[in-house]
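Work out the full structure, taking the sequences as your base and the hints as a guide.
Line order of the protein sequences matches chains A and B.
1 is the number of the first residue of the first sequence in UniProt numbering; add one for each residue after it.
1 is the number of the first residue of the second sequence in UniProt numbering; add one for each residue after it.
Don't take every hint at face value.
One copy or two, it doesn't matter: identical chains are merged, so the pair holds either way.
Claimed, not checked - In silico DSS-like cross-links for lysine-lysine, where the CA-CA straight-line distance does not exceed 30 Å: (1) K33 to K131; (2) K189 to K37; (3) K189 to K157; (4) K189 to K131; (5) K93 to K146; (6) K135 to K33; (7) K160 to K184; (8) K37 to K131; (9) K93 to K135; (10) K184 to K135; (11) K135 to K189.
What the hints contain is simulated information worked out from the structure, not anything from laboratory work.
2 protein chains.
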Amino acid sequence: LLPDYQWLDSAGPVDYLNNHSQARLTAMNSDPKLIAKAPILTWYYVATTLDPVRASSGPTQPPTHTFETCPPVNYVLMPGTLLNPTLPPSFVKFVQERYADPSVTFLTVCTGSLTLAPTGILDHHRVASNKGALKYLAQSGQLNHKVHWVGDRRWVKDGKVWSAAGITSGIDLAAEFARVYFDKDVVEKA
Amino acid sequence: LLPDYQWLDSAGPVDYLNNHSQARLTAMNSDPKLIAKAPILTWYYVATTLDPVRASSGPTQPPTHTFETCPPVNYVLMPGTLLNPTLPPSFVKFVQERYADPSVTFLTVCTGSLTLAPTGILDHHRVASNKGALKYLAQSGQLNHKVHWVGDRRWVKDGKVWSAAGITSGIDLAAEFARVYFDKDVVEKA
Numbered sequence: 001l002l003p004d005y006q007w008l009d010s011a012g013p014v015d016y017l018n019n020h021s022q023a024r025l026t027a028m029n030s031d032p033k034l035i036a037k038a039p040i041l042t043w044y045y046v047a048t049t050l051d052p053v054r055a056s057s058g059p060t061q062p063p064t065h066t067f068e069t070c071p072p073v074n075y076v077l078m079p080g081t082l083l084n085p086t087l088p089p090s091f092v093k094f095v096q097e098r099y100a101d102p103s104v105t106f107l108t109v110c111t112g113s114l115t116l117a118p119t120g121i122l123d124h125h126r127v128a129s130n131k132g133a134l135k136y137l138a139q140s141g142q143l144n145h146k147v148h149w150v151g152d153r154r155w156v157k158d159g160k161v162w163s164a165a166g167i168t169s170g171i172d173l174a175a176e177f178a179r180v181y182f183d184k185d186v187v188e189k190a
Numbered sequence: 001l002l003p004d005y006q007w008l009d010s011a012g013p014v015d016y017l018n019n020h021s022q023a024r025l026t027a028m029n030s031d032p033k034l035i036a037k038a039p040i041l042t043w044y045y046v047a048t049t050l051d052p053v054r055a056s057s058g059p060t061q062p063p064t065h066t067f068e069t070c071p072p073v074n075y076v077l078m079p080g081t082l083l084n085p086t087l088p089p090s091f092v093k094f095v096q097e098r099y100a101d102p103s104v105t106f107l108t109v110c111t112g113s114l115t116l117a118p119t120g121i122l123d124h125h126r127v128a129s130n131k132g133a134l135k136y137l138a139q140s141g142q143l144n145h146k147v148h149w150v151g152d153r154r155w156v157k158d159g160k161v162w163s164a165a166g167i168t169s170g171i172d173l174a175a176e177f178a179r180v181y182f183d184k185d186v187v188e189k190a
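So, in structure tokens, the structure goes:
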């Protein structure tokens, strides 16, 4: 969670995916057979320090971990930020180290992929991003050409990187994620 | 913000609408002419106490006000909750008092309308809600028939009540809100 990050980029996919979790289906009194097939999801909200982060909107958000203290994870979800933010060294280290772990997949929403590009992990990948931002950066000569930017798709999967275009397409990306990783009954009924 | 409320019900419309605000357009270095036409939006996050609220997912959310201390508002946005929650008396009083103010419009998302129904403010209104929840309550004889429930629309406007169906339709409702209340250029370009 970097300062001013786009709230809906995170809330969309997180809440969509979490609706399929054992914990949420239990809270909603769903069919026990469905709950048994549902994934157990544990979410960490990771930032530079434990100070509450102010997103584009919404209440302030107290992180659960810093980039140094975050436990092992299977997936990293990167929401969009304002263009060309200053990247804290602990953030860059976190991204590069987690990417180097073969068991970790990255998901990006909106300009989140543009924010990750300077870390080098997207080099030579096909990656989606916010169309308006891609156009602006291309026109102003600021686009990182080591990344193969895809401007005409809601989402793109390439190896360990799943990327979505503008804000709400993060929910489409999450829907594909659910189709690939979750039980079919859970996806259809949850 | 009631406990376990659906995170995306709130984050969707709030972040969507806030993207049109002067503050957000300024942060994004938008055209000053566009910023001048943009609305100034002030958000309050209101709960029973100032203790952080745990939504369906996401980081905990520190409210900005309690139901007793919330300043005057123009709009109240009610996200969905689990079915048949216990309604705190301060919440019921807040809802009824704000509804009695002719200048206040209510917006509901998903089961938020079902949560408001026991307060009486929706009586005789045409109101949308989560389709699955409507069906379940109708079949189990728990549906409040003083409200005219609309099961086949993404959103419905009726007087001071704007209501949306399931989670993501809250963003459609917010889009209609922006079309009605915001400058046309801001809606098209922001």
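A quick look at each hint next to the structure:
1. K33 to K131: between (42 Å within a copy, 22 Å between copies)
2. K189 to K37: Within. Shortest intra-copy distance 11 Å satisfies the 30 Å Cα cut-off; inter-copy 44 Å does not.
3. K189 to K157: both (25 Å within a copy, 29 Å between copies)
4. K189 to K131: between (33 Å within a copy, 13 Å between copies)
5. K93 to K146: Result: close within a single copy only, 20 Å intra versus 58 Å inter.
6. K135 to K33: Intra 48 Å, inter 21 Å, cutoff 30 Å: inter-copy only.
7. K160 to K184: Only inside one copy: K160 and K184 sit 22 Å apart there, 41 Å across copies, limit 30 Å.
8. K37 to K131: between (37 Å within a copy, 24 Å between copies)
9. K93 to K135: within (29 Å within a copy, 50 Å between copies)
10. K184 to K135: between (38 Å within a copy, 23 Å between copies)
11. K135 to K189: Only across copies: K135 and K189 sit 14 Å apart there, 39 Å inside one copy, limit 30 Å.
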